[in-house]
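Student: Chain by chain, the residues run as shown.
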Amino acid sequence: MRTRDLSELAVRNLREAVLRNSLTTLGVAVGVASLVAMLSLGVGLQTLASQRLTRSGLFDAVFVTSQRNFRGPRQPPPPDSAAKRESRALDDDARQQLSKLSNVTEVYPQIRFVTDVRYAGKSESTSVLGLPDSSRSSGAFEGMTGKYFSSPTAEEAILQIEFAKLLADQPSSLVGKDLTLRYAERAALSKDADDEALLDSMMGSGKPGGISIVPREKTLRIVGITESDPSAGIGGFGGARVYLPLKTAEQLHVAQPDDVQAFLSGNPAKPSYMAMTVRVRSPKDVPQVEATIKQLGFATFSLLDATKSLRVVFTVFDLFLGLFGSLALTVASLGIINTLVMAILERRREIGILKALGATDRDVRSLFFAEAGAMGLFGGIFGVALGWLIGSALTWGTTIYLHRQNLPGVKISYVPWWLALSAIGFAIIVSLIAGLYPASRAARLNPVEALRYE
Amino acid sequence: MPTAPMLIQAESVSREYRLGETVIRAVDAVSLRIEQGEFLALLGSSGSGKSTLLSMMAGLDRPTSGAIRVRERNLAELEADELARYRRETVGMVFQSFNLLPRMTLEENVELPLRLAEVDRSDRQSRVGEALERVGLAARRQHRPSELSGGEQQRGALARALVNRPAILFADEPTGNLDSANGEQILLLLKEIQDSLGMTIIMVTHERPLAERFANRIALLSDGRLVSDGAQR
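Top to bottom, those sequences are chains A and B.
The first sequence begins at 1 in this note's numbering and counts up one residue at a time.
The second sequence begins at 1 in this note's numbering and counts up one residue at a time.
Don't take each hint at face value.
[Said to hold, decoys possible] Which residues of chain A face chain B? A partial, calculated answer using Cβ under 7 angstroms: (1) E227; (2) L334; (3) I353; (4) D361.
[To be verified] Some residues of chain B that are not near chain A, with every Cβ distance over 10 angstroms (derived): (5) M6; (6) L7; (7) L32; (8) S65; (9) N74; (10) E89; (11) R127; (12) E130; (13) H143.
[Unchecked claim] Footprint (simulated), chain A over chain B, 3 or more residues, beta carbon under 8 angstroms: (14) 17–23; (15) 189–195; (16) 209–218.
By construction, these hints were calculated from the structure, which means they are not laboratory data.
For glycine and all other residues, C-beta sits at the position ideal for the given N, C-alpha and C.
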């Protein structure tokens, strides 16, 4: 019999015992739904974790320092070739050079300093950090009170909530208010006569110039209060409590500990940085970029290996979720076997008639197979939809719960196209396996005995 | 006068059934030769073995011993698929209980052998129409079997048996579930088909008057044995 005829007959037969076949198909759908819901949860959580980690910048970043910074007085100099390698200063030239490396998307310096913050007559000493514009999409500011900086050069500040509590009883009332930063500005000394005389008297003649440290004040508009700490982890060295746009922070020219070293090394006009963060296109580019930077004479650090462990954990997690989901589908397949065996008893005479009219054993077997496959197909499609609904309900419920806890909502369930197609395929395969026994039993029926059956 | 070619040849055909220790011989060493275009009535009382013999000649069952040759091919030696093909292409069958599929319309029931024979869809409608026209049911093609009378159902079954244009028509007690008027109508149809199409018809019946009126030849079976075999008029 041709496939089209076979399909038409199978669908017609399924339609005739509509209640029983619908219930069996529903059983398959519930099995598939549990499988899809479990795996979508696994995929969703994995995606969520990967996105958060990727956006956090922990795994696509290389933290760069000058080798000078880490070679303190108690540390011996690096042996052999490393000693011969030039120890480079981490200045704007280095920044330019790093940003030109292949697969590097962004290079920004660490601008961090401790300073006085004044607000409404209160003065608090705290740490300040400049944030690159890419922090906007890091996820760290989701759900924050207020908004992110209006521009990369805005004279605005975001406060960490614990610090905001020190300034006001109601931290959210600070949004829109101004605060004042008091800081030490570094400037290269101009070579006028007075300065040079001063320098000569202090250090002797022949020195190429100097730096001055000048106290300054800067008024900034508070635009947001954040609960999370966007600077934690690599490149952060712990949390800062006041955040400014990086370019605004750079323009302040705040005196850094390295400035003294720069001055002593004879190049005080060129500021250098404590550290820089190099963002790469994807985590897999980290080793190559890291190696290149080391060859340029800098010290590096990255957290790549942690992603591999994470993948192993989630693979095992998915495996167990899949196993539990498959159990439900196994129970559903017993329903298919039962339905089809009952159908053989009911349709014994029909099978006899088909054989008397010239149907081969294969025709009869294929017909029962097609019916099992159709139940698998419809059950699979319905089950994927049901599984997606269950996953969406879980996401919805979780989001409501998180909102009640004053946390931003997350999508914990995700049904990618490959999961939907695999689940439908799996349902069809399980249904066909379940149809094996009934189909071969129907095919083996003796037509004379089948025709006699009432 | 030239004789018609031999179509079916049963050679010492037996069929045994085993019920525990007991062996029941339903057909016992029957030999029969049927020529093309004959209308043969297999006559006998209930349990005489006539339906079993018909099932073996129709390729639904296999003899325990002996041979049934149709156009020189021994049905007993055919593979299951070849036997199915024989039923599909050479044979048409009509049963006492009509055996139309209740879920299908009359048209779909008649189309079923064409689906099994993988006849092109474009040809099917005309052939179904032709078969229903022949039995006078063209107007009832969209009706389900439950909406038809017994006589109409049997005529529908006859249309289904004819739609594949078989060489042999087997009818197992075709009037058994019908009143005398409808029964006679069916036999008139069979006779007309035999005359117009030159089809070979083998009919099982226990009604001697009908057999004598319509068949060319009557073979009488009793306890599985052929007790008489003779031509009519």
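Student: State for each hint whether it applies.
Tutor: Against the structure, the hints:
no.: 1; hint: E227; in the structure: violated (66 angstroms)
no.: 2; hint: L334; in the structure: violated (27 angstroms)
no.: 3; hint: I353; in the structure: holds (5 angstroms)
no.: 4; hint: D361; in the structure: holds (6 angstroms)
no.: 5; hint: M6; in the structure: holds (24 angstroms)
no.: 6; hint: L7; in the structure: holds (19 angstroms)
no.: 7; hint: L32; in the structure: holds (19 angstroms)
no.: 8; hint: S65; in the structure: holds (18 angstroms)
no.: 9; hint: N74; in the structure: holds (19 angstroms)
no.: 10; hint: E89; in the structure: violated (7 angstroms)
no.: 11; hint: R127; in the structure: holds (14 angstroms)
no.: 12; hint: E130; in the structure: holds (18 angstroms)
no.: 13; hint: H143; in the structure: holds (17 angstroms)
no.: 14; hint: 17–23; in the structure: violated (count 0)
no.: 15; hint: 189–195; in the structure: violated (count 0)
no.: 16; hint: 209–218; in the structure: violated (count 0)
In this structure, the earlier hints numbered 1, 2, 10, 14, 15, 16 are contradicted, and the remaining ones agree with it.
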